[in-house]
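Trainee: Position chain X relative to chain L; hints supplied.
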Amino acid sequence: MSGDEKVRVMVVDDHPVWRDGVRADLEASGRVEVVAEAADGGDAIERAREAMPELVLMDLNLPTVPGVEAIRRIVEESPHVKVLVLSASAEEADVLEAVKVGASGYLLKSATAAELVDAVVRVRAGEPTFSPSLAALVLGEFRRMSGTTEPGLTARETEVLRLVAKGYTYKEIADQLFLSTKTVQNHVQNILTKLQLSRRYELMRYAIRRGLDRS
Amino acid sequence: MRKAARGSSEAERGRAVLSLGILAFRWVSLGWMVILALTAGELRRPALAVATIAGLAAWTGWLTVARPRPTWPVLACDLALAVGLNLVAGLVMPAGTVGERPFFAAGYPVAAAVTWGAARGVGGGVAAGLVLGASLVAGQLANGIDLASSEPAVLLDLAGGTLNFVLAGGAVGLVARLLERSAGQLRQATEETIRARERAARLAERESLGRQIHDSVLQALALVHKRGRELAAGGPVPPDQVAGLAEMAAGQERALRSLILRDPADDGTPAGAASLRAALEGLAGAERSLPVTAGATGALWLPARHVEELVAAVRQALDNVVEHAGATRVALFAEEDAGVVVLTVRDDGRGFRYDERQLLAQGKIGLAKSIKGRVEQLGGTMAVTSRPGAGTEVELRVPIREDERDR
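Those protein sequence lines, which keep their order, are chains L and X.
The numbering used here numbers the first residue of the first sequence as 1 and each following residue consecutively.
The numbering used here numbers the first residue of the second sequence as 1 and each following residue consecutively.
In isolation and in its complexed conformation, chain L is listed as follows:
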């Protein structure tokens, strides 16, 4: 699925020791090449432009430009770049926000080296990597948003998301729902798109509210 080419990765974290450790873990696998490192959000946006990584592995807690904003800018400038969030604490609001602006998935820093490499390879291959815990968060988010004007999930999408949250693989979900694995992946992609769309609605509503308050 990943081919023979190594995944070109940029590592963004403000702790040099942590960056070194991640680089060592990734390169030891032989499937990943770390082409750049950045220590803060502003740096990350700039280096992503120069080094042209395929995937950015980043923390959310960053100096200068916050992680979420950096992700938004990186994805805006080069939509083909995938972003994987590697965060120390699963602060639900931050993680959801990162996914809404374009991150393809997130891992806790407590993940093992093997899990990390696996996630990097899968995200590069275009597989939306919803970890079970992220799927649970997203399900909760859509439930909280329900009743507003955002595009809600279809019954089938909710079903898929719940199965991902229960730890089923796409293949297992496909078998259980009598679908192809590709269709399940499409459902997951649509869920992601709706989540990103919901952020735009949020911003729009916010702007309208601010505008009305001022008048």
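Hints may be right or wrong, so weigh each one.
As the list claims (entries may be wrong) - Label-pair distances were calculated between CB atoms; the ranges are:
1. Gln176/L - Gly379/X: 45 to 53 Å
2. Ala155/L - Trp62/X: 31 to 39 Å
3. Ala233/X - Glu69/L: 39 to 47 Å
4. Thr183/L - Thr190/X: 49 to 57 Å
Treat the hints as calculated values from the structure; they're not laboratory data.
All C-beta atoms in this analysis are idealised placements derived from N, C-alpha and C, irrespective of residue type, glycine included.
Mentor: Okay, now just chain X, sitting in the frame of chain L:
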């Protein structure tokens, strides 16, 4: 917003009571006017008197039914009618009798002064009172009284009438303003109390967090720091020492993570609430024999006792998976749906044919029964879905009361 609404609704209610009182006063004085007209016997212009009473009744009826807001047109119309009434009184009462016998206009014009006071404050009430006083003078003139040659008593009576209007309008204006101001103060006081309480809660939370971090995490960090230096300086180090260090760091990491996700109000007392998600994450992080993930649709704050029982039940289910299922991974998932918490323990193991009666007969159901017992104690249910080769899903459903959860 709700706090603000509470204050202004207080003022709203006060105004409603006041305007009802004024309406009642209008009807009473209208009735009194009719009695006076019927008993006077010798009115100069009976037709005008009847028309006036009918007109006033219609106006009062409209005020009662439509309950219009006191806009300027409504107020102006009301005052004009009151002025007209004072004038008409002079015209219909026997010549020269105004001030000597019960006055035809009765108290009705007072209602106009009072309405102005209620709507426009002291200034409005006093202004309307002065206008009405002037119309009293006009009424006396219309009654054919020569004010220039009148006795002082007549003039005093006139001044007294004017004073009545001014005082009534001004006093009600004052009451209306006080009502508004105290509603505003109530609103402000409520907001300040709530802000102060929030501030105190935040401070207490920060303090308790600081204490807990100080006690455990900082201490562990210092130890990691110190041992790390020693390891770097010294030559060969026994691997178990390094492993011990890593284990300690991992333990603190888990503790800190669940601290971040914990309800600040929960001090471990059974009365407090606890986050089911944090508890499940703690369980997943502590499991050593196979990878366990934990997720939830939110923090899921539940009564601490519910969380304890559910964690104990999941713990047993996990042990069962480790021992019998031959699974490579387990996922814990909790969601809250319409007042019910649904917790799933799902493994990708070999699965089995779940038939409660058959398992019971074979004496193999001990563990499932114990999990079931815990859940049923909380008023919940347990369901097991499994097929050979397709893993096992244990679903625990526990109802929670609306006021006991966060989201």
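Trainee: Hint by hint, say whether it matches the structure.
Mentor: Against the structure, the hints:
no.: 1; hint: Gln176/L - Gly379/X: 45 to 53 Å; verdict: 30 Å, violated
no.: 2; hint: Ala155/L - Trp62/X: 31 to 39 Å; verdict: 56 Å, violated
no.: 3; hint: Ala233/X - Glu69/L: 39 to 47 Å; verdict: 42 Å, holds
no.: 4; hint: Thr183/L - Thr190/X: 49 to 57 Å; verdict: 55 Å, holds
Violated hints, listed in ascending order, are 1, 2; each of the other numbered hints is respected by the structure.
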